[in-house]
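Peer 1: Protein chains in written order, with the numbering used here: chain V, 1 to 260; chain E, 261 to 591; chain S, 592 to 883.
The set of hints was computed from the structure by calculation and includes no laboratory data. Note that beta-carbon positions come from the ideal geometry of N, C-alpha and C, so glycine has one too. Hints may contain errors.
[As the list claims (entries may be wrong)] So the derived label-pair ranges between C-beta atoms look like this:
| no. | chain 1 | residue 1 | chain 2 | residue 2 | range |
| --- | --- | --- | --- | --- | --- |
| 1 | V | Ser73 | S | Asp769 | 26 to 32 Å |
| 2 | E | Lys397 | S | Val596 | 46 to 52 Å |
| 3 | V | Ala147 | E | Val539 | 33 to 39 Å |
| 4 | E | Asp264 | V | Asn89 | 49 to 55 Å |
| 5 | V | Pro93 | S | Pro719 | 55 to 61 Å |
| 6 | S | Ala762 | V | Ser59 | 26 to 32 Å |
| 7 | S | Gly778 | V | Glu196 | 51 to 57 Å |
| 8 | E | Val562 | S | Gly710 | 26 to 32 Å |
| 9 | S | Gly710 | E | Tyr347 | 44 to 50 Å |
| 10 | V | Asn89 | E | Gly500 | 53 to 59 Å |
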Amino acid sequence: MTEPALVVRSLCKNYGGFAVTRNVDLELPRGARHALIGPNGAGKTTLVGLISGAIAANSGTIELFGRDITTVSAAQRVKQGLVRTFQVNSLFPHLSVFQNIFLACSEARGTSQRMLGRTSGQKPIIGQVEAILDMLGLSADAGRPVATIAYGRQRLVELGIALALEPRVLLLDEPAAGVPSVEVPLLIHAIDRLGEDITILLIEHDMQIVQRFARTMTVLAEGQVIASGAPDVVMASEQVRSVYLGKSGHQRFESGKAHA
Amino acid sequence: MSVDRAFYNAAERNRFGLLEILFWLCPIAAFFLFPTSLSFATHVLIMALFAMSLGLILSFAGIVTLGHAAFFGLGAYVTALLSLAGYQEPITATFLGGAAAAVLALVIGPLLLRLTGLPLMMVTLALGAVMFEAANKLGWLTGGENGLGDLRYQPVFGIFRWSIYGQTAYFYTLAWLFVLFLLTRSLVASPFGLALQGIRENPLRMNLIGAPVTGHLVRVYTISAFIAGIAGALSAQATGFVGLDVLSVDLSINALVMLVLGGVGNIYGGLVGGALYIVLRNLASDWNPYHWMFVIGAFLVVVVLLGQNGVIGIVERLTSLISGQRKETSP
Amino acid sequence: MDYLVSSLTFIAIYGVSYGMVIFLISIGLVITMGLMRVINLAHGAFAAIGGYLCTALVSSYKLNFYLAVVVATLSVAVLSLIVERGIYRQIYRKSELDQVLLTIGLAFITVASLNFLFGPNVVPSQLPATLSGTVELLGRDVQMYRLFVVAVGLAVVVALWAIFNWTMFGAGLRAAVDNPSMAQAAGIDVSRLFTLAFALGSGLAALGGAVGYGMLPLEPLYPFKYLIIIMIVVALSGFGNMRSAAAISIAVGVVDTAGRYFFPTYGAFIIYVFVILYLLAQIEGSPLRRKS
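One chain only, chain V, in its complex shape (with noise of 0.2 Å):
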């Protein structure tokens, strides 16, 4: 009953001869809270593509909760809990804020198939969906089209959308990404108060998330992992200030905030 809640062990990818993502080992315990850093082009989101679904490995396996999911296609891997958000927005732009998260929340409780009764009959779905709406500071747009909103809020969208799906494993791809630094401490709130129940990995180039957010992390640079622990040890050690931070980026790392 205690086995991980996601486990990737030795998952490689290949484009070509090109190798993005190489024998990358990494174990999230329940209730994880881990940050995935590295600079640009470490493979980051390909490894988050690999997690979900959306791209096949090459080989290595993942297994969520203890059952190997290396095959299982992207939608499955969303009912059996495996939920990811996306660095760029990927919404339904005509549809309202209320009626994006409703289509998930009705996705993942089978409700989407019902084609008797209103959509404004479903009490207990709207129910979930005011909640995730009022949670996120999204209730008074909530009939607005996603289209016209702020894009720091259409980022909250996006990660309704996620909570709406009730992950058990959760992949933010840099939910902060493009988000107006007035409304990051917002977005930085939801995540905090998503309960100990979700475990939680997050790709983030802003350190101060980074350092608020992560109880353990794992650096990866060239498609490897070069280290992984407890934020402190990780950021002493020389090897990421040498290959991650570099000469230049020493100096920001000392002053709080990394480049990515």
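Once you've looked at the hints, dock chains E and S against the given chain V.
Peer 2: Coordinates of chains E and S only, in the frame set by chain V:
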């Protein structure tokens, strides 16, 4: 203070308000106003039903097809052949016409609906052409170019005879139209209807939230084919005749034009557009058909370039204008 | 044996010449779809206009046929420049449905106008008498006309190949088909390139309409009648792939001719069935899909 239901699903904005009741009084009024043109009026209803079936998949699920006449035609031929084989109970005959079309959709849908865009249009166009050619060549079954005539059906409920004045055919068609309209209306307002709109907006993301995209599409495609098949069956019963034109590519394209004329995105688009198209076409029946084609062509170009959404779009703009003014004048 | 050889000769010559005409009227759409992903159901209208123009020049102005073909081709190319700048430009960013509707509308307008100007019937052929002669080839009398069409088609294939490989225009076009935004970033004026490609493609369609008369007779409904065959080539070629467009056109011409030759009653189906199966085989997860 009632919550606007369109908040939950835009397709719920149709409630039986004044406008909707007035709309459905029109076919009743037409019965009394044009008692001598009932067969034409029946044709209007049938085309409205057919255009509505196309609107269901196009407006709500984003399926652009150029071969919808295949279902209309199949429904018509099946019902006609049933009559010639001696099976003349009208209601089940109509239903079987629709069911045959639904079965065809259920068979081809799972493969077809993985396609989108040009390849989908291409395959639906080719399938439509194959069906037409097949009906043309299988003369022993379909009568080829001569069609199948002199179709007879028993009285509806054993009471209402199919008279030459067409009262029975008219009300029989109207009843089917209204029932199928209610079905469509509740379908698009359901969570399933909203899921279809999600697929229309972003099929890739729908797949990634775990939705069975092809499954959803096959379901709505089958229902739409059923309705189209019913429309075809009704045309066979109302006219007592089925010809090759029920399968023609023209009919598929005309259905698209009707939908655009009425307005895309609302179930009334097909109903209004289908009826309006047939009435206008009839008013221009003295014209050279090519002149009619010119008018339709120019209409399509103007609609797209000006970004208008048919009659429904204009009505919506007018009503929002009126209600907007009312809000301004009220204290 | 003799029968077989003569049948095959017939199918080869007639199929290939038919394929060449299909190639001429489709290639423009293959290129423009590759560039802009715009669905243009009115492409056949340019072929019809070219054919009608050529015929009218010969019959009313007593122009030499070959000269008329050139004049018609160039005129349609110029006309298409205007239509592209005036109308098509508006729909590149619109939905698929809008593109379908607008281009069907343009095709309707063309059909109605051709009927208004030239009447509803098939217009009489203006192919010169020299082309109606025959030569014997492998035990079969073959029309000069067929050989002429094959020659024109081959000349166009060679010319296109040269343009694509040796000119700046061709290099830009290849880059833009590969990746439009990258080409734009590299300093290629994609919009101007597209206008030129559109004119080139429409001109070739007009050429096909003019020399293809013997196989695709001119009538007002021409733009719709041959729409399916054009779309088949586009759908099977993949966007912007010229080489496969040529191969597919010839294959379609030969398969269709062979089908009609050996199975006169049901031959017309063979090409549709072929296309439907081919397209369905392309689908991810389809049981028809080859294991790769």
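Peer 1: Next, verify each hint and record whether it holds.
Peer 2: Hint-by-hint comparison with the structure:
A C-beta distance of roughly 30 Å is found between Ser73/V and Asp769/S, which places it inside the suggested range of 26 to 32 Å. A C-beta distance of roughly 30 Å is found between Lys397/E and Val596/S, which places it outside the suggested range of 46 to 52 Å. In this structure the hint that Ala147/V and Val539/E lie 33 to 39 Å apart at CB holds, the actual value being about 37 Å. For the hinted restraint 49 to 55 Å between Asp264/E and Asn89/V, the CB-CB distance of approximately 26 Å leaves it violated.
The hinted window of 55 to 61 Å between Pro93/V and Pro719/S holds, with their beta carbons roughly 58 Å apart. Between Ala762/S and Ser59/V the Cβ separation comes to about 40 Å, which falls outside the hinted range of 26 to 32 Å. For Gly778/S and Glu196/V, the hinted distance range of 51 to 57 Å is satisfied, since their beta carbons lie about 54 Å from each other. Checking the proposed 26 to 32 Å range against Val562/E and Gly710/S shows it holds: the Cβ atoms sit about 27 Å from each other.
A hinted range of 44 to 50 Å holds for the C-beta pair Gly710/S and Tyr347/E, which are about 47 Å apart. Between Asn89/V and Gly500/E the beta carbon distance is about 57 Å. The supplied range of 53 to 59 Å therefore holds.
The structure fails hints 2, 4, 6 (numbered hints given earlier, in ascending order).
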